[in-house]
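Peer 1: All chains should be modelled from the sequences, with the hints used to inform the complete structure.
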Amino acid sequence: GLAWHTDDNALRLKFEEFGQVEEAVVIKDRDTGRSRGFGFVRFAQEAEADNAIQNMNNVEFDGRTIRVDKASDRAGGGGGGRGGGGGGYAPRGGYGSGGGGKTILLHFLSLPLD
Numbered sequence: 001g002l003a004w005h006t007d008d009n010a011l012r013l014k015f016e017e018f019g020q021v022e023e024a025v026v027i028k029d030r031d032t033g034r035s036r037g038f039g040f041v042r043f044a045q046e047a048e049a050d051n052a053i054q055n056m057n058n059v060e061f062d063g064r065t066i067r068v069d070k071a072s073d074r075a076g077g078g079g080g081g082r083g084g085g086g087g088g089y090a091p092r093g094g095y096g097s098g099g100g101g102k103t104i105l106l107h108f109l110s111l112p113l114d
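In this text, residue positions in the sequence shown follow this note's numbering: the first is 1, and each later residue adds one.
Any given hint could turn out to be false.
[Stated by the list, open to error] Derived lysine-lysine pairs resembling DSS-like cross-links, with alpha carbons at most 30 Å apart:
#	residue 1	residue 2
1	70	28
2	14	70
3	28	14
[Stated by the list, open to error] If you anchor each label on the Cβ, the simulated ranges turn out as follows:
#	residue 1	residue 2	range
4	46	25	11 to 21 Å
5	54	33	31 to 41 Å
6	25	60	15 to 25 Å
7	31	55	10 to 20 Å
8	38	101	30 to 40 Å
9	54	32	16 to 26 Å
10	51	31	29 to 39 Å
11	58	101	12 to 22 Å
12	57	13	28 to 38 Å
13	30	51	10 to 20 Å
14	60	34	30 to 40 Å
Honestly, the hints are just simulated from the structure, not real lab data. Don't be surprised by glycine CBs; every beta carbon is placed ideally from N, CA and C.
Peer 2: Here you go:
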């Protein structure tokens with residue numbers, strides 16, 4: 001999974017191997033500032049996101065094995081699906097909202113918090 005020391009920049013640098021990264025964010029605990037062990041990468045193209053998933057799922061990155069999936073569109077109300085378009089992705093407007101299939105989620109498989 002994402003190592004505790006992995007930061008936004010390390011995430012971006014790695015995933016730029018698969019295409020144009022629009023945003024790469026490691027989610028941090030708002031109280032401690034520590035990584036919560038997962039993050040999101042948003043690509044310019046869905047095909048690039050698919051390529052990253054195929055190449056990085058269950059692969060060691062920054063010392064940890066990560067799981068990579070499509071981010072769910074849980075925040076998207078209606079209108080979803082392919083080709084629906086409209087406003088697109090509002091920068092930092094909640095992950096999974098309006099990202100289409102271009103946003104991927106990276107997280108730990110399972111590991112102790114030590």
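Peer 1: If a hint holds in the structure, say so; if it doesn't, say that too.
Peer 2: Evaluated hints:
{"no.": "1", "hint": "70 with 28", "verdict": "20 Å, holds"}
{"no.": "2", "hint": "14 with 70", "verdict": "17 Å, holds"}
{"no.": "3", "hint": "28 with 14", "verdict": "19 Å, holds"}
{"no.": "4", "hint": "46 with 25: 11 to 21 Å", "verdict": "19 Å, holds"}
{"no.": "5", "hint": "54 with 33: 31 to 41 Å", "verdict": "33 Å, holds"}
{"no.": "6", "hint": "25 with 60: 15 to 25 Å", "verdict": "21 Å, holds"}
{"no.": "7", "hint": "31 with 55: 10 to 20 Å", "verdict": "34 Å, violated"}
{"no.": "8", "hint": "38 with 101: 30 to 40 Å", "verdict": "18 Å, violated"}
{"no.": "9", "hint": "54 with 32: 16 to 26 Å", "verdict": "34 Å, violated"}
{"no.": "10", "hint": "51 with 31: 29 to 39 Å", "verdict": "36 Å, holds"}
{"no.": "11", "hint": "58 with 101: 12 to 22 Å", "verdict": "20 Å, holds"}
{"no.": "12", "hint": "57 with 13: 28 to 38 Å", "verdict": "19 Å, violated"}
{"no.": "13", "hint": "30 with 51: 10 to 20 Å", "verdict": "32 Å, violated"}
{"no.": "14", "hint": "60 with 34: 30 to 40 Å", "verdict": "21 Å, violated"}
In this structure, the hints that do not hold are numbers 7, 8, 9, 12, 13, 14, in rising order.
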